[in-house]
Amino acid sequence: MTTTAAAEHSVNGDTGSRRFSILAGRDINRETYVEEWAEAGLTVADSPYDPQPSLRIVDGEVVEMDGKERADFDALDRFIADHALDLAAAEEAMTAPSHQIARMLVDINVPQSTIRRLADGCTPAKLCEIVRHMNVLEMMMGLGKMRVRKTPANQAHVTNWRENPALLAADAAEAALRGFAEIETTVRVARAAPLNALAILVGSQTGRGGVLTQCAVEEAFGLRLGIKGLTSYAETLSVYGTERSFVDGDDTPWSKAFLASAYASRGIKIRFTSGTGSEALMGYAEQCSMLYLEARCLLVTKGAGSQGVQNGSISCIALPEALPGGVRGVLAENLLASMLGLECASGNDALASHSALRKTAKLMLQMIPGTDFICSGYSAIPKQDNMFGGGNFDAEDFDDWTVIQRDMQVNGGTRPVREADAVAARRQAAQALQAIYAALDFPPIGDEEVEAAALAHSSEDMPERDMVADLAAADRFLEGTANLSDVVRALHRGGFEQAAANLLEMGRQRVAGDYLQPSAIFADGFDVISAINDRNDYTGPGTGYRLEGETWDALQRIPQQKSPRDFIDAQVGEPLPNLAEINTAKVGATANEIVVAVGPAYGRSLVKTIGELDHEEVLEALLTGVAEEAFYGRVVRVYHSADCAAIGHAGARLSGSGIAVGLQSRGTTVIQKRGLAPLNNLELFPQSPSLTLEIYQAIGRNAARYAKGLSPLPVGVKVDNGARLRLIVKTALLHRREIEDIREKAPQELYFRWEPEV
Amino acid sequence: MTDDGKEKRENTSNGAYPLYGNRGDTLSAASGRPLRDLSLQKTLTEDISSEDYSISAETLRAQARIARDAGYPQLAQNLERASELTAVPNETLLEMYEMLRPGRCSFEEYEALAQRLREEFNAAATAAFVEEAAAVYRERGLLRRELE
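In order, the protein sequences belong to chains W and S.
Once you know that position 542 of the first sequence is 1720 in the numbering used here, the rest is easy, because the numbers rise by one and skip nothing.
Once you know that position 115 of the second sequence is 118 in the numbering used here, the rest is easy, because the numbers rise by one and skip nothing.
Heads up, some of the hints might be wrong.
As the list claims (entries may be wrong) - Derived lysine to aspartate or glutamate pairs resembling DMTMM-like cross-links, with alpha carbons at most 25 Å apart:
1) W:Lys1886 to W:Glu1872
2) W:Lys1246 to S:Glu94
3) W:Lys1896 to W:Glu1795
4) W:Lys1406 to S:Glu54
5) W:Lys1246 to W:Asp1224
6) W:Lys1764 to W:Glu1728
7) W:Lys1246 to W:Asp1205
8) W:Lys1908 to W:Glu1752
9) S:Lys45 to W:Glu1675
10) W:Lys1406 to W:Asp1426
11) W:Lys1886 to W:Glu1806
12) W:Lys1406 to S:Glu123
13) W:Lys1406 to S:Asp72
14) W:Lys1740 to W:Glu1872
15) S:Lys45 to W:Asp1575
16) W:Lys1246 to S:Asp50
17) S:Lys45 to W:Asp1619
18) W:Lys1406 to S:Glu134
19) W:Lys1561 to W:Glu1597
20) W:Lys1406 to S:Glu142
21) W:Lys1406 to S:Glu101
22) W:Lys1740 to W:Glu1629
23) W:Lys1740 to W:Asp1578
24) W:Lys1561 to W:Glu1629
25) W:Lys1851 to W:Glu1752
26) W:Lys1740 to W:Glu1759
27) W:Lys1537 to W:Asp1205
28) W:Lys1740 to W:Asp1619
29) W:Lys1246 to S:Glu135
30) W:Lys1851 to W:Glu1927
31) W:Lys1406 to S:Glu135
32) W:Lys1406 to W:Asp1705
33) W:Lys1406 to S:Glu94
34) S:Lys45 to W:Asp1664
35) S:Lys45 to W:Asp1572
36) W:Lys1896 to W:Glu1790
37) W:Lys1537 to W:Asp1572
38) W:Lys1908 to W:Glu1927
39) W:Lys1740 to W:Glu1922
40) W:Lys1406 to S:Glu61
These are computed hints drawn from the structure, not numbers from a lab.
Fair warning: this is a prediction, and the values are worked out from it, not measured in the lab.
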């Protein structure tokens, strides 16, 4: 057998590594990893075929860009050259060394506006060259500064497999309550769109007035929904980085720009969609890196006058993540969007990984710097109900998010909610939609359906509906004359005054159009914030967005948080009646005694161990163990210290045999011998939550055996790795309670009214 | 969570923004209905059309000025085209978008569209945009005949 064959055998056969076999079964190894292949566009940030930056302007017209003559421009080049580039800034931007602009991005002394001006004069290749100099930490610094809106936010997805309207409304209400500034729905069946859009509109405005909503469907259909007043924004205006991909997407930069204007003409906020990997997936990457093609997308987006973009690979995310540097590339594209002054909904959207660790690691790149929308769609529903195809984070991760926000003092755009509040909002939203369905003569929503929606987790918890009838109603609604005011009237008549007022306010805000400005959302109270009045002014520590004040108070107050007082309720109690202090303890004269030295609070202000064993029973167990070896047990209380080693040390000094058991109130125990240094000992039992009465008895026994000069087998305690994690707060509070009872007083002899049964 | 924008925001030179708060009394919907008349009371008692809660051309132009002053010229141009398109009926708007998609029209049809935008809707900026598109479509083979 050759060496190679032997190696293969060890990998494949029974003699393979058990460790590698376990690794192979891990979530991280359910993903796909592929080597770069530039010719197929399978390279993230740097293809040998990527153009070099260049720009030549003659008489106010771009005649050469990134190594290509104007005569050779494709449609995208033309659009970028004529609409996106700020020619006044171009000379300075294109002659400035790229690494210098990269350094400005991380230099807190260079304000956002300076970089914005330079970026506006950069060609796609130049933009790429700048960010290629940066590592992820530097990109995060840049993103924190370049983010358009000072206040970060988040967007939710609300869909369900059954297209159940009551559930859509309830989930939208909960998402609104959880702080999402925008909510996006879509459809399993396209015709359901008008009623799905209506459901999340009503639901969101029940949860929190001012949440913007959209329904992702085919472009023209989406516009129709907006015209009807059912949506307030649209973001699935997809653009691509090569002409052929763009055309395959059935658009051109001009048609997309027209669509953007059409939406704006009806008062609807728009955001384009792009993202690494789409061109390679469509087969027309033209040998360029994903980042270079994304830079082209972003300049088309800007040139078309879109106020923002959702990028970060979106539904293609698994493709860059299969390649080296994919997650860095995605961060780079978020940064480029922000540099160009585009509101950035930064991905973290479609399912990107099986591994919770990998998902979270990637999330940090956007969550820590903060983006305009951390997720361009956080699945505020379980994955199986997500009609966008999964959701990297879903309803089951809500608490993980609020805890991470609390850990880092970072606003990830969500807030903790209490169950009662969530259920109330869900119920009200479903009832509000029930009233509308009744008023508009849609297939009725029953009371049991409302109640199911209030308490549901997923559409599996919902009763069946007649989908055919719902779709017919959706068709009638879209074609009919009923509009937003009919919905407002129905809500008001049904007694849903606040929802009616909020829906009307959405209509009124549409007339004003303030949310068409860059990065606009509504804070509480329909208070519009955007690049115009909430411009990101980060210039280093102490500037820009800070999570503090009321918002920080609200984000840290998760329902799982308890008052410190509540942690040691079980341990606090009245002094044991059968444990009495006699006098100052003296050194014992007999060699067959063991001292059990307890802490200052033991059996007095604290009466149970952390494992909730009664102090009385613990003493009984120890003394029984001592008695089994025909030794006498003495009990003393140490007053001068709450430390286990010090308690044991003091006990050993008083013990006639020189052996003592030191016992803290929380149950931590040591077997100590006179003469040993305080932090040395015979046996130590730090895992107090794992100690049982049987173990305490064995400890008593061993103490006596040491006193006899024997070498007993140390008492075995099972190791519980999670104990410290679960109980550290309790441990700290119990210790603090013990310390409160420390006195400047010598150890006291205790009389424990109890006789061993042996 | 976004409820802390209020106390942290800065005053920009663009004092008109937000129009809702600063100029709400002067705003009217596309239908001409003043914003102050788009109240709950009126919604309950009067006939309210979709145009009553649609943005007007004038307001879009005002938002365009705000965007331009804040350093977003392309967004300003978009909002200016949008202000022109407020005059275009819903169905026509959808048809025009469809026409601009690749491979849909001949060069002459785009010329006619541009002319219609100018003459029927007074939409000069959008018309010029369509003409520009047509010229590029012709060069890049994106007109109807050439794709077939």
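Hints and how they fare:
1. With a C-alpha separation of about 21 Å, the suggested pairing of W:Lys1886 with W:Glu1872 holds against the 25 Å cut-off.
2. The suggested pairing of W:Lys1246 with S:Glu94 is violated, with an alpha-carbon distance near 40 Å, which exceeds 25 Å.
3. For the suggested pair W:Lys1896 and W:Glu1795, the alpha carbons sit about 21 Å apart, so the restraint of at most 25 Å is met.
4. Restraint check for W:Lys1406 and S:Glu54: satisfied, since their Cα atoms lie roughly 10 Å apart, inside the 25 Å limit.
5. Straight-line distance between C-alpha atoms of W:Lys1246 and W:Asp1224 comes to about 19 Å, which keeps the hinted pair within the 25 Å bound.
6. Distance hint between W:Lys1764 and W:Glu1728 is unfulfilled; the C-alpha atoms sit about 58 Å from each other, more than 25 Å.
7. Taken as a hint, the W:Lys1246 and W:Asp1205 pair is broken in the structure, with Cα atoms around 45 Å apart against an allowance of 25 Å.
8. As the CA atoms of W:Lys1908 and W:Glu1752 are separated by approximately 19 Å, the hinted pair is consistent with the 25 Å bound.
9. The straight-line distance between the Cα atoms of S:Lys45 and W:Glu1675 is roughly 15 Å, inside the 25 Å bound, and the hint therefore holds.
10. Our distance criterion of 25 Å between C-alpha atoms is broken by W:Lys1406 and W:Asp1426, whose separation comes to about 29 Å.
11. At most 25 Å may separate the alpha-carbon atoms for a hinted pair to count; W:Lys1886 and W:Glu1806 meet this at roughly 13 Å.
12. In summary, the hint linking W:Lys1406 to S:Glu123 is supported, as the alpha carbons are separated by about 24 Å, within the 25 Å threshold.
13. Restraint check for W:Lys1406 and S:Asp72: the C-alpha separation of about 31 Å exceeds 25 Å, so the hint is violated.
14. For the proposed pair W:Lys1740 and W:Glu1872, the alpha carbon gap of about 32 Å is over 25 Å, so the pair is violated.
15. The hinted pair formed by S:Lys45 and W:Asp1575 fails the criterion: a straight-line CA distance of about 44 Å is larger than 25 Å.
16. Restraint check for W:Lys1246 and S:Asp50: the C-alpha separation of about 58 Å exceeds 25 Å, so the hint is violated.
17. For the hint linking S:Lys45 to W:Asp1619, the alpha-carbon distance of about 23 Å falls within 25 Å, and the restraint holds.
18. Only pairs whose Cα atoms come within 25 Å are accepted, and W:Lys1406 paired with S:Glu134 is rejected, the gap being roughly 30 Å.
19. The hinted pair formed by W:Lys1561 and W:Glu1597 meets the criterion: a straight-line CA distance of about 21 Å does not exceed 25 Å.
20. With a C-alpha separation of about 37 Å, the suggested pairing of W:Lys1406 with S:Glu142 is violated against the 25 Å cut-off.
21. A distance of roughly 19 Å separates the Cα atoms of W:Lys1406 and S:Glu101; the hinted pair therefore holds under the 25 Å criterion.
22. For the suggested pair W:Lys1740 and W:Glu1629, the alpha carbons sit about 30 Å apart, so the restraint of at most 25 Å is broken.
23. A threshold of 25 Å between alpha carbons decides the hint, and for W:Lys1740 with W:Asp1578 the separation of about 17 Å falls inside it, so the pair holds.
24. The straight-line distance between the Cα atoms of W:Lys1561 and W:Glu1629 is roughly 22 Å, inside the 25 Å bound, and the hint therefore holds.
25. At most 25 Å may separate the alpha-carbon atoms for a hinted pair to count; W:Lys1851 and W:Glu1752 exceed this at roughly 32 Å.
26. With a CA separation close to 36 Å, the supplied pair W:Lys1740 and W:Glu1759 exceeds the 25 Å bound.
27. Only pairs whose Cα atoms come within 25 Å are accepted, and W:Lys1537 paired with W:Asp1205 is accepted, the gap being roughly 11 Å.
28. Taking the CA atoms of W:Lys1740 and W:Asp1619, the gap is about 48 Å. The hint is violated against a cut of 25 Å.
29. The hinted pair formed by W:Lys1246 and S:Glu135 meets the criterion: a straight-line CA distance of about 20 Å does not exceed 25 Å.
30. Pair hint W:Lys1851 plus W:Glu1927 holds up; C-alpha atoms about 19 Å apart against a cutoff of 25 Å.
31. Of the pairs offered as hints, the one joining W:Lys1406 and S:Glu135 is violated, with about 31 Å between alpha carbons and a cut-off of 25 Å exceeded.
32. Annotation: proposed proximity of W:Lys1406 to W:Asp1705 holds, straight-line Cα distance about 24 Å (limit 25 Å).
33. For the hint pairing W:Lys1406 with S:Glu94, the CA-to-CA distance comes to about 12 Å; that is within 25 Å, so the pair holds.
34. Distance check on the hinted pair: S:Lys45 and W:Asp1664 sit about 12 Å apart at the alpha-carbon level, within 25 Å; holds.
35. This hinted pair does not check out: S:Lys45 and W:Asp1572 have alpha carbons roughly 41 Å apart, beyond 25 Å.
36. For the suggested pair W:Lys1896 and W:Glu1790, the alpha carbons sit about 17 Å apart, so the restraint of at most 25 Å is met.
37. For a cut-off of 25 Å, the pair hint linking W:Lys1537 to W:Asp1572 stands: about 12 Å separates their Cα positions.
38. For the hint linking W:Lys1908 to W:Glu1927, the alpha-carbon distance of about 29 Å lies beyond 25 Å, and the restraint is violated.
39. Proposed proximity of W:Lys1740 and W:Glu1922 is contradicted: the alpha carbons are some 34 Å apart, above 25 Å.
40. Taken as a hint, the W:Lys1406 and S:Glu61 pair is honoured in the structure, with Cα atoms around 21 Å apart against an allowance of 25 Å.
Of the numbered hints stated above, those contradicted by the structure are hints 2, 6, 7, 10, 13, 14, 15, 16, 18, 20, 22, 25, 26, 28, 31, 35, 38, 39, listed in ascending order.
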